[in-house]
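Participant: Hey, can you work out the whole structure from these sequences and the hints?
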Amino acid sequence: MNELINYTLHLADNSLILGHRNSEWTGHGPVLEQDIAISNIALDLIGQARNFYQYAALLINQSTNQPATEDTLAYLRDANEFKNCLLVELTNGDWAKTILRQLFFSAYQYFLYQQLQNSKDEAIAAIAEKSLKEVTYHLRWSSEWVIRLGDGTDESHARMMKAVDELWVYKDEMFEAAGYELTAASEGYGVDVTLLKNDWTKKIKAVFDEAMIPFPADEKTGVRWFGKEGKHSEHLGYILAELQFLQRAYPNSDW
Amino acid sequence: MIESENITSDKIWELLESVNDPEVPVLSVVDLGIIRDVKTNNDEIEITITPTYSGCPAMDAIRMNIRMALLQEGYKKINIMTTLSPAWTTDWMSNTGKEKLKAFGIAPPTAKQQVCHTELFHGGEAIQCPRCNSYNTRLISQFGSTACKALYACHDCREPFDYFKCH
Numbered sequence: 009m010n011e012l013i014n015y016t017l018h019l020a021d022n023s024l025i026l027g028h029r030n031s032e033w034t035g036h037g038p039v040l041e042q043d044i045a046i047s048n049i050a051l052d053l054i055g056q057a058r059n060f061y062q063y064a065a066l067l068i069n070q071s072t073n074q075p076a077t078e079d080t081l082a083y084l085r086d087a088n089e090f091k092n093c094l095l096v097e098l099t100n101g102d103w104a105k106t107i108l109r110q111l112f113f114s115a116y117q118y119f120l121y122q123q124l125q126n127s128k129d130e131a132i133a134a135i136a137e138k139s140l141k142e143v144t145y146h147l148r149w150s151s152e153w154v155i156r157l158g159d160g161t162d163e164s165h166a167r168m169m170k171a172v173d174e175l176w177v178y179k180d181e182m183f184e185a186a187g188y189e190l191t192a193a194s195e196g197y198g199v200d201v202t203l204l205k206n207d208w209t210k211k212i213k214a215v216f217d218e219a220m221i222p223f224p225a226d227e228k229t230g231v232r233w234f235g236k237e238g239k240h241s242e243h244l245g246y247i248l249a250e251l252q253f254l255q256r257a258y259p260n261s262d263w
Numbered sequence: 087m088i089e090s091e092n093i094t095s096d097k098i099w100e101l102l103e104s105v106n107d108p109e110v111p112v113l114s115v116v117d118l119g120i121i122r123d124v125k126t127n128n129d130e131i132e133i134t135i136t137p138t139y140s141g142c143p144a145m146d147a148i149r150m151n152i153r154m155a156l157l158q159e160g161y162k163k164i165n166i167m168t169t170l171s172p173a174w175t176t177d178w179m180s181n182t183g184k185e186k187l188k189a190f191g192i193a194p195p196t197a198k199q200q201v202c203h204t205e206l207f208h209g210g211e212a213i214q215c216p217r218c219n220s221y222n223t224r225l226i227s228q229f230g231s232t233a234c235k236a237l238y239a240c241h242d243c244r245e246p247f248d249y250f251k252c253h
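For the record, the sequence lines run as chains C and W.
Residues 9 to 263, numbered by the numbering used here, are exactly what the first sequence covers, in order.
Residues 87 to 253, numbered by the numbering used here, are exactly what the second sequence covers, in order.
One should not assume that every hint holds.
Distance ranges between label pairs, derived from CB positions [to be verified]:
hint : chain 1 : residue 1 : chain 2 : residue 2 : range
1    : W       : W99       : C       : D173      : 56 to 66 Å
2    : C       : T99       : W       : G160      : 52 to 62 Å
3    : W       : N127      : C       : K128      : 24 to 34 Å
4    : W       : R217      : C       : T34       : 28 to 38 Å
5    : C       : P259      : W       : M154      : 24 to 34 Å
6    : C       : E250      : W       : M150      : 20 to 30 Å
7    : W       : M154      : C       : D102      : 42 to 52 Å
8    : C       : Q252      : W       : V112      : 31 to 41 Å
9    : C       : Y246      : W       : L157      : 40 to 50 Å
Stretch by stretch, here's where chain C covers chain W in the computed footprint (C-beta under 8 Å, at least three residues) [said to hold, decoys possible]:
hint : region
10   : 136–147
11   : 151–158
12   : 227–236
Bear in mind the hints are in silico, worked out from the structure with no lab data behind them.
Built from N, CA and C at the ideal position, the CB exists for glycine as well.
Facilitator: Printed below as a string of structure tokens:
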């Protein structure tokens, strides 16, 4: 039960933190239409996070006597309890970095949710089935933007290359299973993330080819991240400071 | 107070026709296809709804509006449940709903198999302008003023318009 809760929280945290990052663009997008697009993607991700948090709260309430709600899980856990990968908590940088990160994450979510639809856990399967339709739009949108910038002007190409440089070392964490992911996969309610990497690499390579971005040689970088086990970069603390301020300053406030 | 023997699911469905989506107010929740089930048991009513998008911010308002509409008619024991699977699709939108959308200036969703795919820079999608009926239109953005819409522009009448995108 504990591992199922951890796994559900991990899925929720990934979506919440990237949703929050994307929401920072609201009102600051490069053009109005894309400001609206990234805000819509933020909304989808936060909606998916809510569904996972609600389910995690239900599981927690069934198995412990410390009552939880979606709000306590999002607003009252500290950084070391968050189970998102580092990729989603990195700062937005410029538009190139934001949309490349979105492409990396959406491609991952796309293949993950495709398989999670068959989860033995009905609630997780239902959320995956629902979310996959949204992620399909995110994947198409971010792919198209990476191609536009990569195959655009000298300036946009240079920025995209810089984004690849910055983000490439963070991709592997998505495909390195944390303990609860191993349990989830072996018990049939989760997905073996190591098996997603091939499809992901193929998809990203296809986009990079169109975008005139040389595909980096996928050597071991020698770096491992443990965000999924609660060891985060300094950035998550800043996100939570903003995200959780209201609930911590005015406990139980509602709107 | 309504006598329990007079409560039928048909009557509830009829009532739900008067509850409109807060963000696309020409559509009722029935037109939109988000009412998945209505059950009655003596004086108890159970309504199952499904969100259009995971993050649809209108869901809470929709739940409240349904409750208000039923309370106003004297129904008291109302239970509103949410389901995620099967996931909502624009194929569940009623034909009346599609006509209402068009009259309101929003291009209705085309049949799902025609346009829902993952191809990049999709070229073949023909969306009809709700104002001048031209198919000579172009996509401006996959994402519009709400999660369920995309932005288009018409080359003939030169007007931008919303498209209720297939899902």
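Participant: For every hint, state whether the structure bears it out.
Facilitator: Structure-based check of all given hints:
With their beta carbons about 58 Å apart, W99 (chain W) and D173 (chain C) fall inside the hinted range of 56 to 66 Å. Evaluation of the 52 to 62 Å hint for T99 (chain C) and G160 (chain W) yields a pass: the beta carbon distance comes to about 55 Å. The given range of 24 to 34 Å is respected by N127 (chain W) and K128 (chain C), whose C-beta atoms sit roughly 31 Å from each other. Judged by the Cβ atoms, the range 28 to 38 Å given for R217 (chain W) and T34 (chain C) holds: they are separated by roughly 30 Å.
Between P259 (chain C) and M154 (chain W) the C-beta distance comes to about 30 Å, which sits within the given range of 24 to 34 Å. The supplied range of 20 to 30 Å is met by E250 (chain C) and M150 (chain W), whose beta-carbon atoms lie about 29 Å from each other. Here the CB-CB span from M154 (chain W) to D102 (chain C) is close to 46 Å, well matched to the stated 42 to 52 Å. Roughly 39 Å separates the CB atoms of Q252 (chain C) and V112 (chain W), a value that falls within the hinted 31 to 41 Å.
Range check, Y246 (chain C) to L157 (chain W): Cβ separation about 45 Å, and the 40 to 50 Å hint holds. Interface restraint, the region 136–147 of chain W with chain C: holds (6 residues with C-beta to C-beta distance below 8 Å; minimum three). Given a C-beta distance limit of less than 8 Å, the hint that chain C covers the region 151–158 of chain W is violated, as 0 residues qualify and 3 are needed. Counting residues of the region 227–236 of chain W whose beta-carbon sits less than 8 Å from any beta-carbon of chain C gives 6, enough to reach three: the coverage restraint holds.
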